[in-house]
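Number of protein chains: 2
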Amino acid sequence: MALNTNLTTGRPTFVTHLECSMTGERYEADMLHGLSRVGRPLLVRYDLEGVGAALSKEALTSRETDLWRWRELLPVRHTSDVVSLGEIETPLVPIPKSGGSPNVLVKDEGRLPTGSFKARGLVMAVSMAKALGVTKIAMPTNGNAGAALAAYASRVGIETIIFCPDDTPEINVREVAAQGGRVYRVNGLIDDCGAIVGKGAAEGRWFDFSTLKEPYRIEGKKTMGLELAAQFGWKLPDAIFYPTGGGTGLIGMWKAFDELEALGWIGPERPRMFAVQASGCAPIVRAFEAGEEHAERWEDAATVAAGIRVPRAVGDFLILRAVRASGGRAVAVGDPAILKAVEDCARRDGLLLCPEGGATLAAYREALRTGLVDEDERVVLFNCATGLKYPLPEAPQTLDRFAEIDLGAL
Amino acid sequence: MALNTNLTTGRPTFVTHLECSMTGERYEADMLHGLSRVGRPLLVRYDLEGVGAALSKEALTSRETDLWRWRELLPVRHTSDVVSLGEIETPLVPIPKSGGSPNVLVKDEGRLPTGSFKARGLVMAVSMAKALGVTKIAMPTNGNAGAALAAYASRVGIETIIFCPDDTPEINVREVAAQGGRVYRVNGLIDDCGAIVGKGAAEGRWFDFSTLKEPYRIEGKKTMGLELAAQFGWKLPDAIFYPTGGGTGLIGMWKAFDELEALGWIGPERPRMFAVQASGCAPIVRAFEAGEEHAERWEDAATVAAGIRVPRAVGDFLILRAVRASGGRAVAVGDPAILKAVEDCARRDGLLLCPEGGATLAAYREALRTGLVDEDERVVLFNCATGLKYPLPEAPQTLDRFAEIDLGAL
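Respectively, the protein sequence lines represent chains A and B. If you read the first sequence in the working numbering, its first letter stands for residue 520, the second for the next number, and so on. If you read the second sequence in the working numbering, its first letter stands for residue 520, the second for the next number, and so on.
Source of the hints: derived by calculation from the structure; they are not laboratory data. Misleading hints may appear alongside valid ones.
Treat identical chains as interchangeable: a pair holds within one or across any two.
[Unchecked claim] Using 27 Å as the maximum straight-line C-alpha spacing, the simulated DSSO-like pairs for lysine-lysine come out as follows:
1. LYS718 - LYS616
2. LYS859 - LYS576
3. LYS655 - LYS754
4. LYS655 - LYS616
5. LYS754 - LYS718
6. LYS859 - LYS718
7. LYS859 - LYS754
8. LYS718 - LYS576
9. LYS859 - LYS655
10. LYS754 - LYS616
11. LYS576 - LYS616
12. LYS576 - LYS655
13. LYS655 - LYS718
14. LYS616 - LYS859
Assemble the whole structure, with the sequences as input and the hints as a guide.
Structure, rendered in structure tokens:
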């Protein structure tokens, strides 16, 4: 039983083909794909004229607001392949006190299944894996992606093997296991984990679900851009601060905006995209500042924000292109500023960010200070996971109920 | 800036008065109230004819779906008093494998601000406290209510002091503190904490926010019933399994159904209400089985489901009346069944319940087995908080990236 008609209504689908994000080479739809022949991500292409003829903005607006309302712009062709744990539209929460402006809104992605925005990508990728007959999946993860993969895959009976750095937040490791995934801690970083996954995939042991190495996670992540457009009344915000590891979401949003413009639902204006990294792992920032098209691996990566500790991104050139085309920037913030932002936002605005979300707030504050953004501008910060997944500072006293408590002293 | 028009649109409000839930004695609206003169909860009453004239089902349906869409049935009179962290409509997630029926749906309340359904009650109570000029609040809590209170109160600059049993989940204690509340662990249970709060309130030190001791948490919690009615297309489910500590939500839903019937939006049919408790703390079950109208304190209360470890409920008679009037039951489940339900649901359906949510699943399974519910019936289980707040079992191996890993053995 499902009461949400987005999950049950049959519909035409509009995928025409896939193409290499680097060369434009064309690949057939409805077949299992990894990277393109030149080792770069594949992008899904749609018959957008067909979408425009089938779906009006008004029809869309009358639907339930979850991720599947966008079905004509998504790759899953059959409702029977849709695996869902309730992918709600995430709210925009003002943080006037810690943000320093009434115009800054946090898109709180921690409300999604498994508590992070990884659910958007993985619900799509797992649905497509099911459609295409995949039975065993492996993935390197810094934590949240593995948790989302395990949850969705277990739900449809696909076996999962997850490799994560050995200092991945304990809760992530445990939730993968609780949700039916097999999880291994690896003495290394996420690209070391990726190498193991790649080796096994080359040996035919499993399908490789690394960021951007299969074409559908980006389609799920692009719903962040679609949602923002709808939530802002089809006039995009002035700037978006996005915590950038693999960058799938930033690339996905950029793709979403292009598709919406092709449909005539938004104009050519774009938000300035700010790719936010940590000072201890900032390959995209370094490449941005050097004017490079690709980003070299960042050695000895270290930051409290594990989700953006990604030394090398296979979609580096796509991130850099989007940031530059938007008039935005790649910016780095230090761990102390990240932790301070998390603390301030919780204490003053009641919203507990994850460290990566804290990074976007820290970057926004710095941008306000240096004039990169103005406090009158409408800005969205992405909080990519619930802050409940991360260690919080210890709290104080124990009272004794039998003692004479001096209530006046509390 | 708020894009959600539910938060910005002015509206008529319809509160006429409050009344004692035991004696029916009338109390004025727009004044600060605690319990009634006979020490029982106050209920908010509305001019429902006025609501019916002002709001059609169709107008409601066209609004954003968050909690504030129900504003004509809520006590906050001025938008300027609305404190919000994004109270989205929570999704209904099928759990066909662990539930044993395609017709059982989990209402996943862990998606609310601060990760629990306590947000519904506290957002309303804090908004009203703001409206009525309260500046300092104290509350006893098993964890999640304190976290929600701290978040909302900090947001509007109200001081909070939270008392919790000393074995309250560590994450709850820490999130209260992180969100700007002062938190004290007490060597005792929640009613011991409540005694401290009551003493301080009597001395005029703070306002008492204990469950049902102020009239507005129940109004927030009743939105669970309002939402269910809308999500089920104005035909309520056959049965609801609700984890019952203080019982505010169960009482609130029952009130919501009556108000919706008075509006003519639903008929006289009601779901069978199952009040779910833990075997180690089951005062309502004991009273239900003994045919009593009130429930005596449960001594030596102990259960893994801390949220329903409530030895004595001030609204006991309201819970028992609703359960009996509905043709439902009060049922108890043991900790092993609770933990097994949490484990199965995560591993097989990919949904991580909190222990109290696990209790509802355990109770549903038992009810299926004993014929209290039929697998064809449409049943809702309340998962009151995200499972991420609770300790998960340890996960396995560490691999060494430098070793020769035998991928075939994974």
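Legend entry - LYS754 and LYS616: within-copy, between-copy, both or neither at 27 Å Cα: The answer is within: 25 Å in one copy meets 27 Å, while 43 Å across copies does not.
Inset, instruction - State whether the alpha carbon distance between LYS576 and LYS655 is at most 27 Å within one copy, between copies, both, or neither. - result: For LYS576 and LYS655, the Cα distance exceeds 27 Å both inside one copy (38 Å) and across copies (47 Å).
Legend entry - Intra/inter-copy verdict for LYS718 and LYS616 if alpha-carbon distance must be at most 27 Å: neither (49 Å within a copy, 33 Å between copies)
Inset, instruction - Pop the pair LYS859 and LYS576 into one bin, within, between, both or neither, using alpha-carbon distances up to 27 Å. - result: Neither: 41 Å inside a chain and 46 Å across chains, both beyond 27 Å.
Inset, instruction - Can you give me the call for LYS655 and LYS754, within, between, both or neither, at a CA distance of at most 27 Å? - result: Close neither inside one copy (42 Å) nor across copies (41 Å); limit 27 Å.
Legend entry - Status of LYS718 relative to LYS754 across identical chains (alpha carbons, at most 27 Å): neither (45 Å within a copy, 54 Å between copies)
Inset, instruction - Since the copies are identical, ignore which copy is meant and state whether LYS616 and LYS859 lie within 27 Å (CA to CA) inside a copy, between copies, both or neither. - result: Intra 14 Å, inter 43 Å, cutoff 27 Å: intra-copy only.
Legend entry - Within, between, both or neither, where LYS655 and LYS718 count as close if Cα-Cα is 27 Å or less: within (15 Å within a copy, 60 Å between copies)
Legend entry - LYS655 and LYS616: within-copy, between-copy, both or neither at 27 Å Cα: For LYS655 and LYS616, only the inter-copy Cα distance (20 Å) is at most 27 Å; the intra-copy one is 47 Å.
Inset, instruction - At 27 Å max between alpha carbons, let me know whether LYS859 reaches LYS754 within a copy, between copies, both or neither. - result: For LYS859 and LYS754, the Cα distance exceeds 27 Å both inside one copy (32 Å) and across copies (48 Å).
Inset, instruction - Classify it for me, LYS859 with LYS718: is the Cα-Cα distance of at most 27 Å met within a copy, between copies, both or neither? - result: Neither: 40 Å inside a copy, 36 Å across copies.
Legend entry - 27 Å Cα threshold - placement of LYS616 relative to LYS576: neither (35 Å within a copy, 37 Å between copies)
This entry does not satisfy hints 1, 2, 3, 5, 6, 7, 8, 11, 12, going by the numbered hints stated previously.
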